[in-house]
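Colleague: Take each chain as given, in its own frame, and dock them per the hints.
So the chains spell out like this:
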Amino acid sequence: MGLRARMGLLLLAAAMLTSCPALAQLRSVDLYAPRPFGYVIGDAIALTAEIALDAPYVLDPASLPQPRPLDYWLDLRDVRLKDHGIEDGVRHYTLDLVYQTFYAPLEPRRLAIPGVALSAVDGERRVAVNVPAWSFLMSPLREIISTAPGQAMALRPDIAPQPIPTAATMRRLIMVLGLTLVAFLALAWQKGWGPFGRRRSRPFAQAARAIAAPLATAPDAPSYRRALLALHRAFDVTAGRGVFAEDLPAFFEAHPAFRAAEAEVRRLFAASRRVFFGDDTQGAQRELPPLELVAISRRLRAVERGGP
Amino acid sequence: MRIVRDTDSVLSDWRGHALRFEGEIGKVVLGQERVIRLLAIATFARGHVLLEGDVGVGKTTLLRALARAIGGAFERIEGTIDLMPTDLVYHAHLGEDGRPRIDPGPLLRQGEQLSVFFFNEINRARPQVHSLLLRLMAERSVSAFNREYHFPHVQVFADRNRVEREETFELPAAARDRFLMEVQVGMPMETEARRSLVFDPRFHNVDTLLMEVESGVIDPEALETVARAIQSGVRSSPALEAYTLALWEAIRNPATLGIEIEGVDMARLVQGGASPRGMSYLVRAARVRAWLEGRDMVVPEDLRAVFPEVMAHRIFIDPVYELRRERIVGELIAGVFARVPAP
Chain D
660 MGLRARMGLL LLAAAMLTSC PALAQLRSVD LYAPRPFGYV IGDAIALTAE IALDAPYVLD
720 PASLPQPRPL DYWLDLRDVR LKDHGIEDGV RHYTLDLVYQ TFYAPLEPRR LAIPGVALSA
780 VDGERRVAVN VPAWSFLMSP LREIISTAPG QAMALRPDIA PQPIPTAATM RRLIMVLGLT
840 LVAFLALAWQ KGWGPFGRRR SRPFAQAARA IAAPLATAPD APSYRRALLA LHRAFDVTAG
900 RGVFAEDLPA FFEAHPAFRA AEAEVRRLFA ASRRVFFGDD TQGAQRELPP LELVAISRRL
960 RAVERGGP
Chain R
3 MRIVRDTDSV LSDWRGHALR FEGEIGKVVL GQERVIRLLA IATFARGHVL LEGDVGVGKT
63 TLLRALARAI GGAFERIEGT IDLMPTDLVY HAHLGEDGRP RIDPGPLLRQ GEQLSVFFFN
123 EINRARPQVH SLLLRLMAER SVSAFNREYH FPHVQVFADR NRVEREETFE LPAAARDRFL
183 MEVQVGMPME TEARRSLVFD PRFHNVDTLL MEVESGVIDP EALETVARAI QSGVRSSPAL
243 EAYTLALWEA IRNPATLGIE IEGVDMARLV QGGASPRGMS YLVRAARVRA WLEGRDMVVP
303 EDLRAVFPEV MAHRIFIDPV YELRRERIVG ELIAGVFARV PAP
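The listed protein sequences correspond, in order, to chains D and R. 660 is the number of the first residue of the first sequence in this note's numbering; add one for each residue after it. 3 is the number of the first residue of the second sequence in this note's numbering; add one for each residue after it.
Hints may be right or wrong, so weigh each one.
Unchecked claim - Computed from the model, here is a short list of chain D residues facing chain R with C-beta under 7 Å:
| hint | residue |
| --- | --- |
| 1 | Arg900 |
| 2 | Glu905 |
| 3 | Phe935 |
| 4 | Gly937 |
| 5 | Asp938 |
Derived from the structure by calculation, the hints contain no laboratory data. What you are looking at is a predicted structure, and each value in this text was computed from that prediction instead of being measured. Each residue gets a CB set at the ideal place from its N, CA and C atoms; glycine is no exception.
With the rest of the complex left out, here is chain R (with noise of 0.2 Å):
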């Protein structure tokens, strides 16, 4: 009873410094408190987000906030079409003595303590760098000066730009599975939000901006125990469970329930995907947004609130529907959840 009262004392401690993280970020970037709201989520879930987006919508700036509020070790890296994995690792140059040398590459700089680790334009690299990102991702571990570096704290954050498709590399579905969300980043909706980011001159010069961040809200080497925390914490009932199985099963076969999309057959439009993983991503980032939204158990509100985000880009559609993919999948699960009955 009392480890109980405890584990929720610090949680609802926790929660706090959750909002803070939030706001704080928000203090930079405009109108996006869902972006903001489900990275959070996916920071206490530990889990790794590809940002989706046109150029200069802020996704970078985003990213730099977040790893300013969280602390704790940054590393960023550009992708370019001819960097390979050993850039990543191993930093080659001539030392002032004239020699060749080999230092640790950015991945390694900062240590085991690299808190966040920012991909930029992913997709311009190559599959090499993919398959290491990978590893880096699922086991949070890379293979350099002939030892084992791990990185506990680690968390991916990558971003891709969708307008641009010429010398790009589309990731793997195996990557993609990896990341906990695919998140889209679109334009601020509200027109005081987008005059301000055009004529506060504030806007203007992101570094100085950056700096109106409070540094290390949050402390990166406690995450991962706050993690498991909410985990254990955060109940998910067994109506709730019947819920999220139903969900599964409808995204999987959405001709059953009687769904309709305009001009798609439905019964060829789901080819597989909503993976084991994604599921269980899924109930892990949905345990999340139940505690930062101060409650101990999971409601179906959570689970679609982070549905599309989490589950979209595991779902693999008919390579006819791929070109309509963003229109068609959001459709599919609006219509899942409108149709499975919640208890």
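In isolation and in its complexed conformation, chain D is listed as follows (with noise of 0.2 Å):
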């Protein structure tokens, strides 16, 4: 063996060792497709390719296609990429490619789907990665030239629009609505608003509340007393400022309606001005009696109300 020989044996041995790691970058790409026959117009394609790396390389997403129209009649429709890690050394993809195709064949054709060039890298170096093209055969739909006449195809109704249920959400409508509205009228009261506005006190009737039970059950001095006062603040509200026994004939003027009263009240005050200013409480309790002063508030309330 030459000298030349012996040196081009070495080259090649040398370029073999530097393509080797490459070569072996890639370790398989497999493709899996359905059936390659009979298909028509509109039929998706759902191909999926098995790709091996060594562990290294990834495979770099910027060179995955989009999904766009490929040719006049196939358009790519999806594109997914499943990474399943690395198992001894081996980085596993699945790339799944959904086609569509809209070709119209007059007979059986063979179609061919152009395979899809990826590159891998791990960092500086970049691989090529090749999925395979894939033929298949379409078919016509209809005969060419129709030897049958043609009947009028009888169209059916449309269907009937499906009623979507809402009589559970008119319900609770209808209720919220119904809360709404007590709600407001509840502020409108509380507020004195519209016909609330000429809703009265009645400060009688609150007083005849508030002492008709404690002169019931103890009738002592402390009770008298504070019935009496619950009393006079009724009138004081009534009269809009502070009513003394002098002011009960401008009080009488200014609300006729306790006239009817008049002489009960004149009681009330004489006694008032016994227990609070004369100190007499026994003499007060004896010329008006606490059952009388029940009797005398609920008058008054009566009177308040409109009655007789």
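Modeller: Right, dumping it as structure tokens:
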């Protein structure tokens, strides 16, 4: 063997040494496809490629094809890459490609889906990963020249739309509206809006309620005093100012309804004078017994309501 | 028990006298029932009174009638700008023998039995005179001829013309505080009274008119005793005392009660005043009023009836509001009585 031949062998070995790792980086590309025949216009074809790479290499996501029309008859509809991780120093990917064909053949015809060129990187080096092309047979939908006279198709009536169940929603809506109305009325009552503005406060009703129970259970001096005070406050509220015994004529002038109970009111004021300013609760209670005081308060309540 | 009944019967006798006293004055002064009632209260509370009002509404007539009805010694003096304290105390003149003589002046002329001293147009007199008057009102005594003169029964009535402000001297607050009441004398309201005053010849000559007043209805010597009996005989209950203190507090801090007067900043309106002396005068006057109304206990109405006259001039308000004083203080007092809850 001459020197040249030996030199050539050496070069080949060196080239093999450098290229061997590059070959080993791509372990396999397996394409799994459905049946290769019997497709008609509009069918979707799902291809799956399983790619195995040596560990430091990853598929470059930038090299993946974008869903787009590939040809006048072929669309790439969907591209999905699944990474199954590293197993025994090998990284496994599954690449799903969904195509849709719009070819309208006049007779059965073989078509080809072109291959996909991907690349894998490990940081600095880049290797090509080629998913192979695949071919299949497409068939026409109908005969080229009709042999039987065509019949007009009878159109079936449209399907009636399904009613959406709304009864529960309506019930809830009505309920919430009712609640809103009640809340608004409560607010209006509290604020005295609209017709509620004419609502009369009933100080004598409150006073009658406040004094009836204590006087009936324990008619002692403190509760008697409190009862008189409650009635005085009711007079004050009704008149809008403090009402003393000497103001009674003016009070009756302003509130003629109370004139019906004038005698009782005068008796009440006389008794309260004795209690508060004469220090004579005993005498006042003799003159106006607690139970009669309760009766007077009820009478005043009735007068306030517009009764007799 | 016996003493109590005696006091009661004495008081009720005197109440009759007091009502007759009011009636006698009312015969010649028409349409001033409220003022007459206040003067009667002052008389039985042994307090001094300052009358204020327009010209010619009958202030002087009223006081002359009152002096005549009380009986006892009466003196009057006109306030002028050159009146000096000595003019009140001494009377300097030439005697019949041609020698200068100094005799007791108007204040001393009636001796210590003087019961009504009537000072006309008090705001025309100088502050020196006011201070003499202050002592007479507070201590019922003056110094003259190197000794003290005591006037145990004296009651000072003064009047003041509120229209004229020129050549007048405003009374110092201390002097005003010594008056039990400042009574506003207005025009009579009733048309009938006005017509009589203008057209009835009876009212044209004041001197003959005053002769109609029965003289000496009440005994000035006994007034002091009766006044004391009234003060001890008319009760004030704890409830009323609490009410009075609440009124006092409300007058001093009207903003806390939510009293509002149009165009007035309530937080700064009341600067002070409503002195403890004023409040004690108020209760004194309220007791007399209760007695005149035939009650043996003070009720809030009594306080309300005398409150404006006794207290209004003791409330010191922000100078900004001084010119509208009458209306503002009137509303303040009305507001306090409307808001403070009576027991």
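Colleague: Which numbered hints are broken by the structure, listed smallest first?
Modeller: none
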